[in-house]
Amino acid sequence: MGNVNLQKFYPDNGTANATEVNANYNAINGSTQGINNENVGSEGLIREHFDFNPTFRYADWQDNGYYVAEGTTLNLDAQYRSLTDTGIATANKTNDADKKHEINHNGATGTASTQVGTGTKIGVGGMADSQNANGIQLEVGDVIHVFWNVTAWRFEPDNSTLSNYVCELVDSTSTRSSILNYAMVVYPEFNTQDSLGSNNNFTDAGDGSHGFSSDTFRNPADGVAPLGGGGGVSDPNSTGLNNLTPFADNRTDHWTWIPVMMGSGGSASGGTNFTVAVMMDAENGASDTAIGAAKQCAGQTYISVTTQKTLYAIQLYVSGLIGLHYNTSTEKNGSFIEDQAVTNAQGGIDGTLHIERASIGYVIYRKEAV
Amino acid sequence: MAYTVPNTFSNGTVISSEEITENNDALRNYINGGVSASDISTLNPWVEAKHIMKGLYQPITNEYEMESGLSAGSPVFPFYHPGYFGSQFHKKGGSGRADVPNTHVDFYLVRDATVFFYYTISPRVLAPLDTSSPTNVLISLNVDGSTINTSQNSFTEQIEVNNSGGADEPIVSRYRRRTYSYQYVCEMTAGDHTIKLVGQSGATSVPLKFYTYSLQAFY
Numbered sequence: 001m002g003n004v005n006l007q008k009f010y011p012d013n014g015t016a017n018a019t020e021v022n023a024n025y026n027a028i029n030g031s032t033q034g035i036n037n038e039n040v041g042s043e044g045l046i047r048e049h050f051d052f053n054p055t056f057r058y059a060d061w062q063d064n065g066y067y068v069a070e071g072t073t074l075n076l077d078a079q080y081r082s083l084t085d086t087g088i089a090t091a092n093k094t095n096d097a098d099k100k101h102e103i104n105h106n107g108a109t110g111t112a113s114t115q116v117g118t119g120t121k122i123g124v125g126g127m128a129d130s131q132n133a134n135g136i137q138l139e140v141g142d143v144i145h146v147f148w149n150v151t152a153w154r155f156e157p158d159n160s161t162l163s164n165y166v167c168e169l170v171d172s173t174s175t176r177s178s179i180l181n182y183a184m185v186v187y188p189e190f191n192t193q194d195s196l197g198s199n200n201n202f203t204d205a206g207d208g209s210h211g212f213s214s215d216t217f218r219n220p221a222d223g224v225a226p227l228g229g230g231g232g233v234s235d236p237n238s239t240g241l242n243n244l245t246p247f248a249d250n251r252t253d254h255w256t257w258i259p260v261m262m263g264s265g266g267s268a269s270g271g272t273n274f275t276v277a278v279m280m281d282a283e284n285g286a287s288d289t290a291i292g293a294a295k296q297c298a299g300q301t302y303i304s305v306t307t308q309k310t311l312y313a314i315q316l317y318v319s320g321l322i323g324l325h326y327n328t329s330t331e332k333n334g335s336f337i338e339d340q341a342v343t344n345a346q347g348g349i350d351g352t353l354h355i356e357r358a359s360i361g362y363v364i365y366r367k368e369a370v
Numbered sequence: 001m002a003y004t005v006p007n008t009f010s011n012g013t014v015i016s017s018e019e020i021t022e023n024n025d026a027l028r029n030y031i032n033g034g035v036s037a038s039d040i041s042t043l044n045p046w047v048e049a050k051h052i053m054k055g056l057y058q059p060i061t062n063e064y065e066m067e068s069g070l071s072a073g074s075p076v077f078p079f080y081h082p083g084y085f086g087s088q089f090h091k092k093g094g095s096g097r098a099d100v101p102n103t104h105v106d107f108y109l110v111r112d113a114t115v116f117f118y119y120t121i122s123p124r125v126l127a128p129l130d131t132s133s134p135t136n137v138l139i140s141l142n143v144d145g146s147t148i149n150t151s152q153n154s155f156t157e158q159i160e161v162n163n164s165g166g167a168d169e170p171i172v173s174r175y176r177r178r179t180y181s182y183q184y185v186c187e188m189t190a191g192d193h194t195i196k197l198v199g200q201s202g203a204t205s206v207p208l209k210f211y212t213y214s215l216q217a218f219y
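If you read the protein sequences in the order shown, they are chains C and L. The first sequence lines up with residues 1 to 370 when you count with this note's numbering. The second sequence lines up with residues 1 to 219 when you count with this note's numbering.
Please note: incorrect hints may appear among the correct ones.
Only some residues are given here: those of chain L computed to face chain C with a beta carbon under 7 Å [claimed, not checked]: (1) Y3; (2) N11; (3) S41; (4) W46; (5) T114; (6) V161.
Note that these hints are calculated values from the structure, not bench results. This one's a predicted model, so the numbers in the text were calculated from it and none came from an experiment. C-beta atoms are modelled at their ideal positions from N, C-alpha and C, and glycine is treated no differently.
Can you make the complete structure from the sequences, with help from the hints?
Right, here's the structure in full:
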């Protein structure tokens, strides 16, 4: 029935006429016989009147802007080495810095950049200016969702003779260890120290002094070991530098595992009839030594905040070449970063992962009280 | 039941204050909880979005609060096989990219919002006639006509790799049936929007399987 107009009695109408009083009540009666949009308020109670964006504190996404055509050789800054360095195939790599790399190539040329907002270094809370991230003060109970994608463009073995990469799993007569288990790992680290996002201040979310989570996170670079150990026995526990990284003891759900090679064996007793290929090569295309072109790999993780910190930036890292191992003493599966070159007598594995486009995003969820 | 007037007055008589009070009390009682479903007009659909109290979904605890209007329990996202894509839709090497059929998501935002979109799909590129030169299929996310370059993924025709000759042991990529997923966050203005997949293909026919997506908008 809609709006109701009532007769006024004061000050213009000094007498309360019975007919007018009756009309008023009848009008009200008529209105209530069919309540419609004219009888209700324009809006109900809206929570954002109390607090804006109550379900998440902040969300953002960025990509590195590096896109090339198939057949292109990526910029050297977009080629990430294993711990055994490209070009030094006969020597063991001793520079631990190559246990991991910031994925920081950026822009149309794929040139490395350390600035927040470039590459995969995303500022949290938006940018205060061209150099500094605003940062967000995390509160206990916040949940951080980080997600990312990287396009593995090419895996380039240091040694062009792929048979050198044949491992004990596909050829029992070889001194090489498993190649089927080899990969590089992409994972995020966090900066709670400076708005400039210095690379020196990135650690995992559970870091004792910088982190904001009570969970313990395992980073791929935590374990470094020579694979072979002589005789093709993969036992980093007995030969390694920092030994095995057991999966069971810490969180590894933030790892994106990027397999780089695969192979098949010959006869049951070994032999030479094997096949080995790299997983991806968008520079040269698929062939009998390359399974296919570029492979995009996705990852994501959720982290609960248990320590109040200001989070300034998140960045992706890629590890050196990683192998898997099962320790018969501890009965745990784990991983380690190989530090031996493929030509080493003990049998290692080496190479370079070329990464093209990459993106990273995050959402910080916060449950607000009304 | 509509408000019923208890007392009607006659001209030329004194209006009883007691009866006036009785009328007003009846009206008060009607307003304060006396409105029934039969009082709501059903002549025309008249409830608009502005009349709906805004509900709030808490994704962490999976609960709805301050609810009015439609609601749902645990979200069940679509999960289906979109069909086929291939060079019959678009020949790779040409300009632009073609829509990947049955992957569109059309939606309307009442107001400006932060939108989260996530999808997975598994293209199964078949074996080529000539295994020496397998072709690729490229698929990307497209938001309101703009392709998100970073989302592009490549799928090579399934081939057997064989580099040792003789009594060899060919292998097929472990990636041949991989699932492709991507997440995206962006700010969108109020109004109509379309999210879809686009691609190029050198293969004639590419089966697409297990497509699913989730879409969230936060005002």
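Hints, verified against the model:
A hinted interface residue such as Y3/L counts as satisfied when its beta carbon comes closer than 7 Å to some beta carbon of chain C; here the least separation is about 4 Å, so the hint holds. With its C-beta approaching chain C no nearer than about 5 Å, N11/L sits inside the 7 Å limit, and its interface hint holds. Interface restraint check: S41/L against chain C, minimum CB-CB distance 4 Å, threshold 7 Å, status holds. Because the closest C-beta pair between W46/L and chain C is about 4 Å apart, less than 7 Å, the hint holds.
Look at T114/L: its Cβ gets to within about 5 Å of chain C, closer than 7 Å, so that hint holds up. Against a cut-off of 7 Å between C-beta atoms, the interface hint on V161/L holds, since the closest Cβ of chain C lies about 4 Å away.
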